[in-house]
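Turn these sequences into a full structure, and let the hints steer you where they fit.
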Amino acid sequence: MGKRRGVSAVNVVFGWLRQQSKMVKIALGVILSLILVVFLRFTVKNHNHFFVASELIHAAGIIILIYKLTRQKTCSGLSLKSQEVTAVFLAVRLICSINMEGDIHTVLDFATLVSTLWVIYMIRFKLKASYVKTLDNCHHYYVLVPSAILAFIIHPSSRYTYINRVMWAFCVYSESVSVLPQLRLMQNAQIIEPFTAHYVFALGVARFLACAHWLIQVFETRGRYLWLIDAGYFWFPMALLAEAVQTFILADFCYYYVKSAMEGQLVLKMPV
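Number 234 in this note's numbering belongs to position 234 of the sequence shown; there are no gaps in the numbering.
Treat the hints with care, as some may be off.
[Unchecked claim] Below, simulated DSSO-like cross-link-like pairs (lysine-lysine); rule was C-alpha separation at most 30 Å, straight line:
no. : residue 1 : residue 2
1   : 126       : 73
2   : 73        : 128
3   : 133       : 73
[As the list claims (entries may be wrong)] Pair ranges (Cβ atoms, derived):
no. : residue 1 : residue 2 : range
4   : 245       : 129       : 32 to 40 Å
5   : 125       : 219       : 43 to 51 Å
6   : 217       : 161       : 20 to 28 Å
7   : 234       : 132       : 34 to 42 Å
Just so you know, the hints here were simulated from the structure itself, not pulled from any lab data. Yeah, the Cβ is synthetic: ideal placement off N, Cα and C, and Gly gets one too.
Laid out in structure tokens, this is it:
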């Protein structure tokens, strides 16, 4: 009985949400996100842990894909283009990380890159019969070219070489829109099987944690963090905007994912 009442309450909440305008849904989403950020601000002492957690959750999403590809022997619902864009920015970020940091982030990036390359290999060669190319119609250059142009225009200022600074900016910008081909494919397919949905939801959680780190830094410095001239006057605002863009892009999907999970649906249906 308790479970039925819980499910009924969830249905009432989501039913009420469906009746609201898009602006109301966005406002409620922003308010909920800010509440979560405030909660994290006071419960997590070292805010650098957000980046580590973000990378670990991304890696967990890749593990979900590996399980899907090895056990189900199908790559249906996965965007090859999104995986290739992910591999590009991970490779570039790994180079930057080796040159600039050489810490736990380097290890995590290397592991995630190897896993992503394996996923690409499986889609391109082993399981290509189940890859629906016509649904994966968001081209790489829609994502990579604007990111590269923006990286040359706005990038951090530091003691590192010019090319390293541009490459780092390219990673931030391209990562923020790397999920677009995957979301486009799911929009075309409209019905998303569980493992793909779990993977994209993991990306959404990972991006939220990364975005929370930036927001907390801005809050704690009372906005001064945005305008650190010695780090590139427009760099921090653009980096924060990039994180916010990807979080916003994934927010709609995460809403439908949570809705489906709470209602006990195994297959996620995207709105037309």
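Consistency of the hints with the structure:
Between residue 126 and residue 73 the alpha-carbon distance is near 9 Å, which keeps this suggested pair within the 30 Å criterion. Among the hinted pairs, residue 73 with residue 128 is consistent with the structure: their alpha-carbon atoms are about 10 Å apart, no more than 30 Å. Annotation: proposed proximity of residue 133 to residue 73 holds, straight-line Cα distance about 17 Å (limit 30 Å). Look at residue 245 against residue 129: about 35 Å separates their beta carbons, and that is inside 32 to 40 Å.
Between residue 125 and residue 219 the beta carbon distance is about 47 Å. The supplied range of 43 to 51 Å therefore holds. A beta carbon spacing of about 25 Å between residue 217 and residue 161 agrees with the range 20 to 28 Å that was offered as a hint. Taking 34 to 42 Å as the suggested C-beta distance range, the pair residue 234 and residue 132 conforms, at roughly 40 Å.
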